[in-house]
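**Student:** Those protein sequence lines, which keep their order, are chains A and B.
Numbering-wise (numbering that gives the first Met the number 0), the first sequence opens with residue 0 and increments by one.
Numbering-wise (numbering that gives the first Met the number 0), the second sequence opens with residue 0 and increments by one.
It is possible that some hints are incorrect.
Claimed, not checked - Here are the simulated DSSO-like cross-link-like pairs (lysine-lysine), alpha carbons at most 30 Å apart as the crow flies:
(1) Lys90(A) / Lys116(A)
(2) Lys120(A) / Lys90(A)
(3) Lys112(B) / Lys69(A)
(4) Lys120(B) / Lys4(A)
(5) Lys112(B) / Lys11(B)
(6) Lys120(B) / Lys26(A)
(7) Lys112(B) / Lys26(A)
(8) Lys11(B) / Lys119(B)
(9) Lys4(A) / Lys120(A)
(10) Lys120(A) / Lys26(A)
(11) Lys92(B) / Lys116(A)
(12) Lys26(A) / Lys4(A)
(13) Lys92(B) / Lys32(B)
(14) Lys4(A) / Lys46(A)
(15) Lys4(A) / Lys69(A)
(16) Lys4(A) / Lys78(A)
(17) Lys4(A) / Lys90(A)
(18) Lys90(A) / Lys77(B)
(19) Lys92(B) / Lys120(A)
(20) Lys26(A) / Lys46(A)
(21) Lys90(A) / Lys119(B)
(22) Lys90(A) / Lys69(A)
(23) Lys77(B) / Lys92(B)
(24) Lys78(A) / Lys120(A)
(25) Lys119(B) / Lys26(A)
(26) Lys120(A) / Lys46(A)
(27) Lys26(A) / Lys116(A)
Everything labelled a hint here was simulated from the structure, so no lab data went into it.
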Amino acid sequence: MVDMKMPILIVDDYRTMLRIVHNLLAKLGFTDIDEASDGSQALAMMKGRDYGLVISDWNMQPMTGFELLKSVRADQHLKATPFIMVTAESKVENVVAARQAGVNNYIIKPFSAAVLKAKLKTVLGEF
Amino acid sequence: MAPDEASARVRKLTQECVDIVRTILVARREMGKLHDPSLREVHLPRASEEIGAILALTESATNDIMLAAEDMMSIDFKNPELAAEIVNDQCMKIFEACSFQDITGQRISSVLKTLQLVEKKIEELEGAWSGASSSIRASEEVPVDPDAALLNGPALDGEGIQQDDIDRLFA
């Protein structure tokens with residue numbers, strides 16, 4: 000079973016999106032949710048805390064979600080962290096690149112609570 | 000008017016005409032360097048489509064939010080547990096609908112880039128016409144970052160792939 004108290008990091012440069020994902024996760028029962036506004040802030044936070052899941056946007060500055068993903072997968076300590084990309088980037092080449100870089104799942108914006116829950120179950124298991 | 004004086008005036012007028020034609024030819028040549036078909040064929044139509052998509056998305060989100068509000072207004076509060084559940088579900092629908100702000104923000108950024116491109120072209124044309132040809136150069140090539148090619152923003156209808164297709168890739 001999934002530990003609903005595990006720390007989750009959500010990364011997006013839009014405050015609205017952070018609030019939406021935060022509230023959806025809270026509604027699903029997750030209680031420990033941190034937020035970052037771009038990849039570099041997220042990476043710094045990940046080096047200070049063990050997260051059970053990262054949910055990241057792609058298109059952010061200065062560090063994109065894709066760069067964050069590659070940095071996480073290249074870091075010996077962080078590389079096993081489950082990583083879901085939640086993005087408006089829906090070109091095949093984006094999905095393929097993210098998959099090759101080691102993303103665990105990929106959600107297209109806009110998305111519903113049901114889609115988020117389904118992907119969380121796919122990545123984390125039943126809860 | 001003496002024949003010599005008339006002849007001199009004709010020569011002067013002829014020279015001025017030659018100068019004008021030369022200036023026009025130089026300006027035309029310089030403006031030709033600025034010709035960028037992608038502006039009219041790609042960027043401006045894309046910006047127009049992005050604005051159309053923004054209008055459609057904001058209309059859809061507004062409709063979803065109003066529907067959720069209407070559902071909450073019709074709740075029968077005689078059953079508090081059911082009422083709480085409906086309020087919770089409708090609030091989630093409102094949150095989902097509010098994600099339009101992120102998408103429209105990205106689309107507006109894309110339109111803004113096109114406007115900046117138009118502004119740059121107008122400045123370049125002004126430079127060409129004012130004879131500042133030495134400062135004119137065709138749009139500079141920017142070093143290519145392979146990851147930057149993956150930053151396309153939200154897709155328009157008919158572009159990109161759907162969530163179901165992605166799910167199959169990850170199955």
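**Student:** Run every hint past the structure and note whether it holds.
**Tutor:** Here is how each hint holds up against the structure:
| no. | hint | verdict |
| --- | --- | --- |
| 1 | Lys90(A) / Lys116(A) | holds, 23 Å |
| 2 | Lys120(A) / Lys90(A) | holds, 24 Å |
| 3 | Lys112(B) / Lys69(A) | holds, 27 Å |
| 4 | Lys120(B) / Lys4(A) | violated, 55 Å |
| 5 | Lys112(B) / Lys11(B) | violated, 49 Å |
| 6 | Lys120(B) / Lys26(A) | violated, 50 Å |
| 7 | Lys112(B) / Lys26(A) | violated, 37 Å |
| 8 | Lys11(B) / Lys119(B) | violated, 38 Å |
| 9 | Lys4(A) / Lys120(A) | holds, 15 Å |
| 10 | Lys120(A) / Lys26(A) | holds, 15 Å |
| 11 | Lys92(B) / Lys116(A) | holds, 14 Å |
| 12 | Lys26(A) / Lys4(A) | holds, 13 Å |
| 13 | Lys92(B) / Lys32(B) | violated, 52 Å |
| 14 | Lys4(A) / Lys46(A) | holds, 19 Å |
| 15 | Lys4(A) / Lys69(A) | holds, 26 Å |
| 16 | Lys4(A) / Lys78(A) | holds, 21 Å |
| 17 | Lys4(A) / Lys90(A) | violated, 34 Å |
| 18 | Lys90(A) / Lys77(B) | violated, 49 Å |
| 19 | Lys92(B) / Lys120(A) | holds, 20 Å |
| 20 | Lys26(A) / Lys46(A) | holds, 27 Å |
| 21 | Lys90(A) / Lys119(B) | holds, 29 Å |
| 22 | Lys90(A) / Lys69(A) | holds, 19 Å |
| 23 | Lys77(B) / Lys92(B) | holds, 23 Å |
| 24 | Lys78(A) / Lys120(A) | holds, 20 Å |
| 25 | Lys119(B) / Lys26(A) | violated, 48 Å |
| 26 | Lys120(A) / Lys46(A) | holds, 25 Å |
| 27 | Lys26(A) / Lys116(A) | holds, 10 Å |
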